[in-house]
Amino acid sequence: MSETAVVALSGDADNFNPVVSNSATASDLQGNIYPMMFDVQFDEREGELTYGKGLVERWESANGGKDIVAHLRTDVRWEDGMLVTPKDIKFSFSLYGDPIVASPRRSYLESMIFTDNKFDVDKSVEIVDDSTMIFHFAKQYPLQLFHINLSPVPEHIYRNADRRTLRSNPANERPVGAGPFKLEEWVRQQQIILTRNGKCTLPYPAKLENVVFRVISEPTTRLTELKKGTVDVMRPVYPDDVEDIQENNPDIRLETLPPRNYEYIGWMNIDVDEYHKTGTVKPHPLFGDRRVRQALTYAVNRKEIMEHELGTFGELAVTDFSPIFRWAIKHDLIPYPYDPEKSRQLLRSAGWSDSNGDGILDKGGKDFEFTLHYNIGNKRREYVATVVQKELKSIGIKVNLQSVEPVVLFQNIEDKQYDAFIAGFSVGLAIDPAGRWGDISNPFNTVAFSNRRIGELLKLGLHVPTQRDAGPFWKEIQSILHQEQPCTFLYWIKDIVGINRRLKNTNINVLGVTDGMWNWTIGDPNSYMTY
Amino acid sequence: MLRYIIRRVMSAVPLLFGLLTFTFFIIRLAPGDPVSLYIQGDVDPMFAENLRNALGLNDPLPVQYVKWLKGMVTGELGMSFSKHAMVTDILAATIPNTLLLTAFALMFNFVIGIILGVITALRRGSATDHIVNVTSLFVYSMPEFWLGLMLILGVSLHLDLLPASGMHSAMARFLPPLDYLWDLIQHMILPVFVLGVASAAATGRYMRGSLLEVINQDYIRTARAKGLSELLVIGKHAMRNALIPIITLLGLSLPFLLGGAVIVETVFAWPGMGKLTVDAIFARDYPLIIACTLVSGVMVIVGNLMADILYAMVDPRIRYD
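Heads up: the protein sequence lines correspond to chains A and B, in order. To convert, count from 1 in the first sequence and add 1214; that's this note's numbering. For the second sequence, position 192 matches number 185 in this note's numbering, and the numbering has no gaps at all.
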């Protein structure tokens, strides 16, 4: 027991096949079970991903930046003793790219070679010899390494699998990996036990013998287990509980995850009725005017909301470029202050006034009234909605509140059915704003915001040799977003992680709680063998 | 009796079929897309469409219904959308856990309920009667969710007497059999108590009323007049008749316990069907929702059947042939 760490999870894994799994739990654990093409780290000082040796020992760019030549290790073995070969990697890419498989990671291949609108694995992934592969891209692309860093699965296990039912293939429940841990036991909804894979060389075997992941969905129960010491790691600890833990639980240390999640108030930019009926794009009758959107941001006291809900564990959002990407952030953008008077001025300049004296602004005979939707059961968003309603009322805008079941809310947001809503967004580890601010038909462009210059900048930024080359384009996009306020960006959330002090060598960072889990030790790290 | 049981089981088949068909259409016509929860920031927008195709969600509703019917006839309940495993496998892993919890909660309910009912009936009007009645009302009114959390904080965290959650300790699988069993029992105490205590309070009230009604009957007076001991009068003559309504209650309690298990399993992280059902509904996991409905439906029918059979066993006047 002394060499077992226990991590509390809010939800179970869906399966352990990295091609089709979709749960956050599975993603976290797969990095410890499957081999990785690169040992990816996040340089927090610079704010960018770095790539170290994994299955790929060294690599170089070729063909004017369109190809990556990868030199692979030839001594890595799957748990069952078979060698990990380029064939495994190519086979895995064919799975990731097959629409029948419907991998959630298929977009990682979108910059490679497509024939007749289908991912062409033979043209994209070339096996030169047992230790060399070439990954062919359609164009020069700054995120090439990020996108080929997909976990391979063993071909000999999945070769004859029916791709239509790959999602429920029994092999997904008994993964054969090559990472520092292997799956010892998975009792659905109960717990997952990972045990040390002593033969692992990628990056090296784990120090702990076991790590148990227990599924405890109720937050109070989860926190109780942490306080009792029966769980070593749990997230998120809510800001309201921090003081109590700091005062009464000296065995627990608290760390924060750098922010990748933000919340926002979505203002629909286009007339959704017209869009759905005729497909034509016209400005939204209320929110189609930039001045109105700016006015709405000025009218909401975002700082007060953030401090009330997150204490010191939040950061005001200026745009949706996470503060973690230090090199790409336009630091001179100042968050909109709470300024109701400025808001009134902007609304006046946009033609909104209370012409009939009923306390509600109107224009062309239409009152400024809308319904704000948010997901039921989310106390933070309920609070935001109430504050927004009160603050907008003070400037003459009537807001009706409507809480909606999460599944329905998300569907309607993706389908662009609402005029206004409160939602959150989680940004990826590499900057790619195309989904959020590109084509308005994209489900992630939830507020249907379209800007010609942003369209140009996206094309420029995504076809440069290195990430850093895209910096000026990303900064210009931030300026436009700041000016246009397609939505009111509220705050970034820094998740709090509670860790029992007996657990050493954790590395809580942007990549997650279980990043570098092979280094974890219990008690004195010097008592462990080193590799 | 056997013919009666077979007839009841056979008549339950169309009832279950109707229930499942109704559920099939209700959940598909309800708003909410099973795929929408998977759409996150770095997911291919095509993913949703491909997944809908893969799961057969783009088929017209009648086609989906025919496919489902075919599956039902062949015993194929399909694949869970959210858990990516065969529904039958998921149920096989969770139903025993819920049955274990509810079976012990049912035992707790009736043993404690009957004891309390007898004590309060025999000491009607005494301080004990009043205290038990008020306490029962208080316990009955307490939300299970709140009671569960209070016990976790009090008994588990502050007193450190029992585990707070789960069915086993983290590495229990490596324990010797007896220690493993003791570990399970320790984990069961709080959830069984929370699940059974409110029902026990109600059962106690029923038992009290039923026993009071019986002990005022002439035949009890006759038994006493014959000089039988009070223990024999109550234990043999009064209890047999007083238990009849309680036994009916036994079968009818099963569905209520299953409903309560949803909350108790969530609070105590008990890996059972109750929690599974809630998760399935929120995820719009159609095959899993249908399967959970099937299991609940079967349990309601079995509960009712059990009540009727026990009724006949306790009361010799009842015959079902």
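Rather than coming from a laboratory, the hints here were simulated on the basis of the structure. There's no promise every hint is true.
As the list claims (entries may be wrong) - Here are the simulated distance ranges between beta carbons:
no.	chain 1	residue 1	chain 2	residue 2	range
1	A	1334	B	51	56 to 62 angstroms
2	B	138	A	1225	38 to 44 angstroms
3	A	1294	B	3	46 to 52 angstroms
4	A	1571	B	53	32 to 38 angstroms
5	A	1225	B	120	48 to 54 angstroms
6	A	1225	B	132	53 to 59 angstroms
7	B	291	A	1370	37 to 43 angstroms
8	A	1225	B	118	33 to 39 angstroms
9	B	138	A	1680	19 to 25 angstroms
The structure displayed is predicted, hence computed values, not measured ones. Even for Gly, the Cβ is constructed at its ideal location relative to N, Cα and C.
Hints, verified against the model:
Remark: the range hint 56 to 62 angstroms for residue 1334 of chain A to residue 51 of chain B is contradicted by a beta-carbon distance near 25 angstroms. Here the CB-CB span from residue 138 of chain B to residue 1225 of chain A is close to 19 angstroms, at odds with the stated 38 to 44 angstroms. At about 50 angstroms, the beta-carbon gap between residue 1294 of chain A and residue 3 of chain B stays in the expected band of 46 to 52 angstroms. Between residue 1571 of chain A and residue 53 of chain B the Cβ separation comes to about 54 angstroms, which falls outside the hinted range of 32 to 38 angstroms.
With their beta carbons about 50 angstroms apart, residue 1225 of chain A and residue 120 of chain B fall inside the hinted range of 48 to 54 angstroms. Remark: the range hint 53 to 59 angstroms for residue 1225 of chain A to residue 132 of chain B is contradicted by a beta-carbon distance near 32 angstroms. Checked against the given bound of 37 to 43 angstroms, the beta carbons of residue 291 of chain B and residue 1370 of chain A, roughly 42 angstroms apart, stay inside it. For residue 1225 of chain A and residue 118 of chain B, the Cβ-Cβ distance of about 53 angstroms falls outside the hinted range of 33 to 39 angstroms, so the restraint is violated.
The given range of 19 to 25 angstroms is broken by residue 138 of chain B and residue 1680 of chain A, whose C-beta atoms sit roughly 53 angstroms from each other.
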